[in-house]
Amino acid sequence: MNNLYVYCEIEDGVVADVSLELLTKGRLLATTLGCKLEAVAIGHGLEGVGAQVFPYGVGVLHIFDDARLSPYTSLPHTAILVKLFAEEKPQIVLMGATSIGRDLGPRVSSALGSGLTADCTSLEIGDHEEKKENKVYKNLLYQIRPAFGGNIVATIVNPECRPQMATVREGVMKKEVLDAACKGETKKHDVSKFVSNTDFVVTVIDRHIEKSKINLKSAPIVVAGGYGVGSKDNFGLLFELAALLGGEVGASRAAVDAGFTDHDRQIGQTGVTVRPKLYIACGISGQIQHIAGMQESSIIISVNSDPNAPINAIADYVITGTVEEVLPKMIKYYKKNTK
Amino acid sequence: MNLRIIVLAKQVPDTRNVGKDAMKADGTVNRAALPAIFNPEDLNALEQALRLKDAHPGSTVTLLTMGPGRAAEIIREGLYRGADGGFLLTDRAFAGADTLATSYALAMAIRKIKDYDLIVCGRQAIDGDTAQVGPQVAEKLRLSQITYAEEIINAENGEITVKRRLERGVETVKAKLPIVVTVNGSAADCRPRNAKYIQKYKHAKTVTEKQDADADYTQLFSIRPYLNLQEWSVADVNADVVQCGLSGSPTKVKKIENVVFQAKESKTLTSADANIEDLMKELITNHTIG
Chain G
3 MNNLYVYCEI EDGVVADVSL ELLTKGRLLA TTLGCKLEAV AIGHGLEGVG
53 AQVFPYGVGV LHIFDDARLS PYTSLPHTAI LVKLFAEEKP QIVLMGATSI
103 GRDLGPRVSS ALGSGLTADC TSLEIGDHEE KKENKVYKNL LYQIRPAFGG
153 NIVATIVNPE CRPQMATVRE GVMKKEVLDA ACKGETKKHD VSKFVSNTDF
203 VVTVIDRHIE KSKINLKSAP IVVAGGYGVG SKDNFGLLFE LAALLGGEVG
253 ASRAAVDAGF TDHDRQIGQT GVTVRPKLYI ACGISGQIQH IAGMQESSII
303 ISVNSDPNAP INAIADYVIT GTVEEVLPKM IKYYKKNTK
Chain F
2 MNLRIIVLAK QVPDTRNVGK DAMKADGTVN RAALPAIFNP EDLNALEQAL
52 RLKDAHPGST VTLLTMGPGR AAEIIREGLY RGADGGFLLT DRAFAGADTL
102 ATSYALAMAI RKIKDYDLIV CGRQAIDGDT AQVGPQVAEK LRLSQITYAE
152 EIINAENGEI TVKRRLERGV ETVKAKLPIV VTVNGSAADC RPRNAKYIQK
202 YKHAKTVTEK QDADADYTQL FSIRPYLNLQ EWSVADVNAD VVQCGLSGSP
252 TKVKKIENVV FQAKESKTLT SADANIEDLM KELITNHTIG
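Which chain is which? The protein sequence lines are G and F, in order.
Residues in the first sequence are numbered from 3 upward in steps of one, following my numbering.
Residues in the second sequence are numbered from 2 upward in steps of one, following my numbering.
Worth flagging that the hints you see were computed from the coordinates, not collected in a lab.
Hints should not be assumed to be uniformly reliable.
[Said to hold, decoys possible] SDA-like cross-link-like pairs, simulated, lysine to any residue; straight-line CA separation at most 25 Å: (1) K253(F) to A88(G); (2) K334(G) to S60(F); (3) K265(F) to A315(G); (4) K234(G) to P309(G); (5) K134(G) to G97(F); (6) K337(G) to A275(F); (7) K331(G) to T269(F).
It should be emphasised that the depicted structure is a prediction, and the values quoted were computed from it without experimental measurement.
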């Protein structure tokens, strides 16, 4: 009882990275709390899920397998979680901040009357004091997230309501197997006891999943552009340099909003979090919400015509100059001096 | 088929353009320095509603917003673009609401409006980016939901067909009305204000705003009833005050911090050839690149 639950997203029998990242974090939090880590898998064709999640230290895996549960629709998955959580009374529930988790999480939290914090960038365990009521709450989940467009960081707690729910975006937490030999218990549930026919009100009539062509998250080198790149054409220079170095092109929200490049390439609080060994920031001023998504890069080079750009403070190398001037020189030197 | 559509919209500070003066010396946000705008994705939602109205003449689009008195501007902005009316949910008791308390208040107001076929809203608001209010309103009203909508393809014979834009693909779904639909920023932009509607509604005011209105206009409000914007309090929508605002919010803000990043000792270079060459050489030598 009162364990930590992770809702696992599954596509074609494969558990999503974001869910494995949450299991990794969940395992650490559960150890701190001295409780078990449990996983919930809802869908169809879930035979292989156990082998994927147990190495992360999952104690109990709850399986809800029914052809009608895949692809995901809001009401049946909500009905399952609401009933399961009402019975099991988890203290914490984690979900991916994906189009599924952000559809399901709020609905479940509303039904259970519990608090949910979206897009957390950090989760910790700690105590909380309500001074007015002179009450101390032990071992709450600190749900830490940027707010106000990333200009401040807020720590949110749910003192009274359970479960404490949080969503986390893909790539924010690290994915790490605890022990490949770990085994847990599998509980197969009778789906008909959890959902009724009236829950199947939304029908998916067409669906094509496009595998992401851009793999920013695992790129060793990221060449990212901001509003200062100036145009879609100038972004071509970034693509050229990235291709040459074996990296990917990223962008700030301002560059995406200006239409210089696709939304898929956005790095930051509302985009992807990256940790490459080299990050070349081109014409990026360094809004906090962007820095939050790239500050753990090993080496940061900032190319900016403004010597006082905020991003320069966290850069290892600051090149004061324009993108049009600096990037061709980098490209030229690299071409000349490598095979 | 005539559709009765409710659009949920929020007035938000424009967090996308946070300048240096937006932070006070003590590190808190200076809301006064940020312009208040119509939440961008709520405008996308309004456009979807107006398109349905265009396709089904006789349909109505009603805005519902919660906020301080000045949020009445959101209703006027909607009217200028083709909406038919709106309600402002305003009460000190709503202040400090998290998403759950907000959803409760909105759901109570929607119950008061009573007759509707479709509720649309933006996927999320730019001041919080939570995307929680749409689904939570749906849950409170015991309605189903379609989130991440890019286009409402049609709404006919009690059914709605919607194209959804997800992280890695596209999905088309069908469902029965009434339902809640949340609309993505990738959906069509909202139409601009229409000069004819600006003329018609520019004097539209809430009861509170009317108190400050020029006496010359007082007559107008009885001659043209559509200029009276409705204001609702907690009591007007029969809401339980304990479930509103701060007391109705399970999440509490423990701490707010200004974001400070650990500054590094940086090496400053110019764009001179020699500088760039040295840097590239260093990166190749230490195997960062190459």
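* Straight-line alpha-carbon gap K253(F) to A88(G), limit 25 Å -> The hint holds at about 23 Å.
* Within 25 Å, alpha carbon to alpha carbon, are K337(G) and A275(F)? -> 16 Å, holds
* Mind checking the alpha carbons of K334(G) and S60(F) for me, to see if they're no more than 25 Å apart? => Status violated; Cα separation ~62 Å.
* Given the proposed pairing of K234(G) with P309(G), does the C-alpha separation stay at or below 25 Å? -> 23 Å, holds
* **Hint consistency between K134(G) and G97(F) [alpha-carbon to alpha-carbon, up to 25 Å]** => 17 Å, holds
* **Distance restraint between K265(F) and A315(G), which requires alpha-carbon spacing of 25 Å or less** => 6 Å, holds
* **Given hint T269(F) paired with K331(G) - CA-CA distance at most 25 Å** => 17 Å, holds
Checked against the numbered hints given earlier, the structure breaks only hint 2 and satisfies all the rest.
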